[in-house]
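Asks: If you want the building blocks of each chain, they are given just below.
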Amino acid sequence: MAMTMTQKILAAHAGLPEVHAGELIMAKLDLVLGNDITTPVAIGEFPKFGRTKVFDKSKIALVPDHFAPNKDIKAAQQCACMRSFARAQRIENYFEVGHDCGIEHALLPEKGLVTAGDCIIGADSHTCTYGALGAFSTGVGSTDMAAGMAAGETWFKVPSAIRVELTGKPGKWVSGKDIILHLIGLIGVDGARYQSLEFAGPGIRRLTMADRFTIANMAIEAGAKNGIFPVDQPCLDYLKAHGAKEPRIYAADRDAVYERTVRIDLSTLKPTVAFPHLPENTRPIDRVGRVAIDQVVIGSCTNGRIEDLRIAAKVMKGRKAAPGVRCIVIPATQRIYLQAMEEGLLRQFVEAGCVVSTPTCGPCLGGYMGILAKGERCVATTNRNFVGRMGHVESEIYLASPAVAAASAVVGRLAGPDALARRPARRAARKSSHK
Amino acid sequence: MKVSGKTHKYGDNVDTDVIIPARYLNTPDAQELAKHCMEDIDAGFAARVRPGEIMVAGRNFGCGSSREHAPLAIKACGVACVIAATFARIFYRNALNIGLPILECPEAAAAIKAGDTVSVDFDTGVITDETTGQTFRGEPFPPFMQELIAAGGLAAYRRARA
Numbered sequence: 002m003a004m005t006m007t008q009k010i011l012a013a014h015a016g017l018p019e020v021h022a023g024e025l026i027m028a029k030l031d032l033v034l035g036n037d038i039t040t041p042v043a044i045g046e047f048p049k050f051g052r053t054k055v056f057d058k059s060k061i062a063l064v065p066d067h068f069a070p071n072k073d074i075k076a077a078q079q080c081a082c083m084r085s086f087a088r089a090q091r092i093e094n095y096f097e098v099g100h101d102c103g104i105e106h107a108l109l110p111e112k113g114l115v116t117a118g119d120c121i122i123g124a125d126s127h128t129c130t131y132g133a134l135g136a137f138s139t140g141v142g143s144t145d146m147a148a149g150m151a152a153g154e155t156w157f158k159v160p161s162a163i164r165v166e167l168t169g170k171p172g173k174w175v176s177g178k179d180i181i182l183h184l185i186g187l188i189g190v191d192g193a194r195y196q197s198l199e200f201a202g203p204g205i206r207r208l209t210m211a212d213r214f215t216i217a218n219m220a221i222e223a224g225a226k227n228g229i230f231p232v233d234q235p236c237l238d239y240l241k242a243h244g245a246k247e248p249r250i251y252a253a254d255r256d257a258v259y260e261r262t263v264r265i266d267l268s269t270l271k272p273t274v275a276f277p278h279l280p281e282n283t284r285p286i287d288r289v290g291r292v293a294i295d296q297v298v299i300g301s302c303t304n305g306r307i308e309d310l311r312i313a314a315k316v317m318k319g320r321k322a323a324p325g326v327r328c329i330v331i332p333a334t335q336r337i338y339l340q341a342m343e344e345g346l347l348r349q350f351v352e353a354g355c356v357v358s359t360p361t362c363g364p365c366l367g368g369y370m371g372i373l374a375k376g377e378r379c380v381a382t383t384n385r386n387f388v389g390r391m392g393h394v395e396s397e398i399y400l401a402s403p404a405v406a407a408a409s410a411v412v413g414r415l416a417g418p419d420a421l422a423r424r425p426a427r428r429a430a431r432k433s434s435h436k
Numbered sequence: 231m232k233v234s235g236k237t238h239k240y241g242d243n244v245d246t247d248v249i250i251p252a253r254y255l256n257t258p259d260a261q262e263l264a265k266h267c268m269e270d271i272d273a274g275f276a277a278r279v280r281p282g283e284i285m286v287a288g289r290n291f292g293c294g295s296s297r298e299h300a301p302l303a304i305k306a307c308g309v310a311c312v313i314a315a316t317f318a319r320i321f322y323r324n325a326l327n328i329g330l331p332i333l334e335c336p337e338a339a340a341a342i343k344a345g346d347t348v349s350v351d352f353d354t355g356v357i358t359d360e361t362t363g364q365t366f367r368g369e370p371f372p373p374f375m376q377e378l379i380a381a382g383g384l385a386a387y388r389r390a391r392a
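Chains as they are written, first to last, in my numbering: chain A, 2 to 436; chain B, 231 to 392.
Note that these hints are calculated values from the structure, not bench results. These figures come from a predicted structure and were not determined experimentally. It is possible that some hints are incorrect.
[What the hints assert, rightly or not] If you anchor each label on the Cβ, the simulated ranges turn out as follows:
1) B:G345 with A:I250: 52 to 62 Å
2) B:F374 with A:L237: 52 to 62 Å
3) B:A344 with A:K170: 50 to 60 Å
4) B:A344 with A:L25: 31 to 41 Å
5) A:E93 with B:G345: 51 to 61 Å
6) B:E360 with A:D256: 18 to 28 Å
7) A:H21 with B:P370: 18 to 28 Å
8) A:A252 with B:E360: 49 to 59 Å
9) A:R206 with B:E337: 44 to 54 Å
Cβ coordinates follow ideal geometry from the N, Cα and C atoms, glycine included.
Construct the entire structure; sequences and hints are all you get.
Replies: And the structure:
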């Protein structure tokens with residue numbers, strides 16, 4: 002029977018010649034991930050599975066990133082709980098604050114911990130990010146994480162799939178973020194519920210790996226179980242450059258069955274923004290109206306990569322954040338932070354009136370490092386704009402690309418980079434910062 | 231197993247951020263989480279809800295973050311069952327894994343009104359709105375899930391099979 006790419010990976014990990022949509026299977030896991038919010042609950046559940054040791058200390062990754070560096074005493078206790086478990090279990094992939102740390106979904110691919118053909122669960126909904134590398138990866142809860150750490154396998158209901166066929170070349174300011182927001186706008190926040198989003202078509206070769214990470218990352222925002230890209234040369238190059246294990250390449254059968262096909266001509270897309278309070282409330286940038294803003298956040302597992310920072314810095318170069326706009330830039334990992342420093346991006350951000358933070362998920366989920374007050378509006382490169390997600394229940398989040406976020410910071414309202422054409426960059430920007 | 235209770239009704243796309251806001255995720259303690267359950271969508275819920283009551287909602291209940299704290303908070307409030315038109319998949323898995331009974335039934339989710347008294351028979355999947363007399367048939371769980379629920383969640387199920 003013909004299978005999708007996801008189904009082939011699941012079949013291989015279940016030791017079955019084939020699987021079909023709806024079938025319940027038990028699959029071996031290549032990696033089990035947790036963070037400082039979800040792991041303490043999993044640690045509490047772990048002994049109930051009747052094991053004292055994790056199944057493989059090299060196949061578990063524990064990342065303090067959500068409320069780390071510790072935001073308060075309770076958060077510190079949670080990080081301490083995870084740290085002592087990591088020590089006691091001799092977990093090889095525990096990433097301490099400052100020691101090559103970062104936001105989990107940017108960090109794991111960077112460390113070469115994910116390769117094509119892997120089957121991965123993580124107690125974080127954005128675990129689906131690794132589909133960019135041709136892996137099956139999906140978010141689960143803490144009990145599933147505990148079960149995975151104990152047994153090295155877990156049950157899955159084999160998903161059916163939506164084929165997303167990408168054609169055309171994206172315009173200058175159209176990035177992975179705009180593509181995934183557009184797709185979510187088309188199919189809705191439950192448009193791919195229980196299903197895989199399998200990306201295909203010639204448009205893929207126009208996408209950088211950073212674009213693909215961003216797209217796969219937000220598959221969950223369409224309700225998908227996973228989002229996955231075919232393995233091509235840029236993907237193999239990425240894996241090699243990051244020292245990943247030998248890839249196992251699976252491709253969908255030509256006659257694989259899909260629930261439906263969604264076609265997107267990338268050349269027709271514009272920078273896209275998701276209005277409050279659902280990621281499906283999308284509008285192209287030329288139809289956003291006048292939305293005055295108080296804060297901009299550039300970062301997160303969705304858009305905190307070096308490519309994202311380069312775009313934001315390019316847009317802001319020689320310009321300053323508008324008076325009254327607080328612009329917070331968060332490189333997703335220490336390596337990205339260093340690279341941004343070496344490329345002079347951090348200096349540009351600081352001179353443009355932004356603050357640059359250590360890697361953390363912080364503001365994305367309303368933890369800390371940029372909480373919104375009542376009535377405040379934020380343009381964020383993050384992934385969710387739910388009620389109260391970033392702070393007060395009456396605050397608002399507009400999801401956008403790094404280019405739109407940076408342009409909005411300069412203009413002081415929701416705006417695309419083209420709006421800056423009327424505001425030429427000042428070469429003397431540095432002088433104006435020393436009054 | 232049967233439960234019966236007054237209902238609390240919500241709309242579509244109730245996300246896990248409103249079920250339990252992340253600002254309270256600095257503790258894994260279910261009783262502590264329960265104090266803030268539904269706070270950003272229904273501020274009085276935690277004080278109002280009584281043990282044995284039932285939550286009814288529309289499509290895609292529990293979408294967003296994978297935080298197991300969401301079903302834990304609902305369960306610790308004493309909610310006996312959540313009926314929704316559909317559930318987001320991670321929430322669905324988490325609810326079963328921690329032993330929070332849930333049922334998918336679009337017809338019941340549409341017809342039942344806030345404050346109605348509803349009874350649910352998990353063996354048959356039959357949902358009865360005692361206030362209006364209407365009955366609905368919920369989506370029955372596949373056998374594997376029934377075994378998992380009967381065992382009392384994933385940990386107990388896996389231990390029994392080890």
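Asks: When the hints from earlier in the document are held up against this structure, which numbers fail?
Replies: When the structure is compared with the hints, numbers 2, 6 turn out to be violated.
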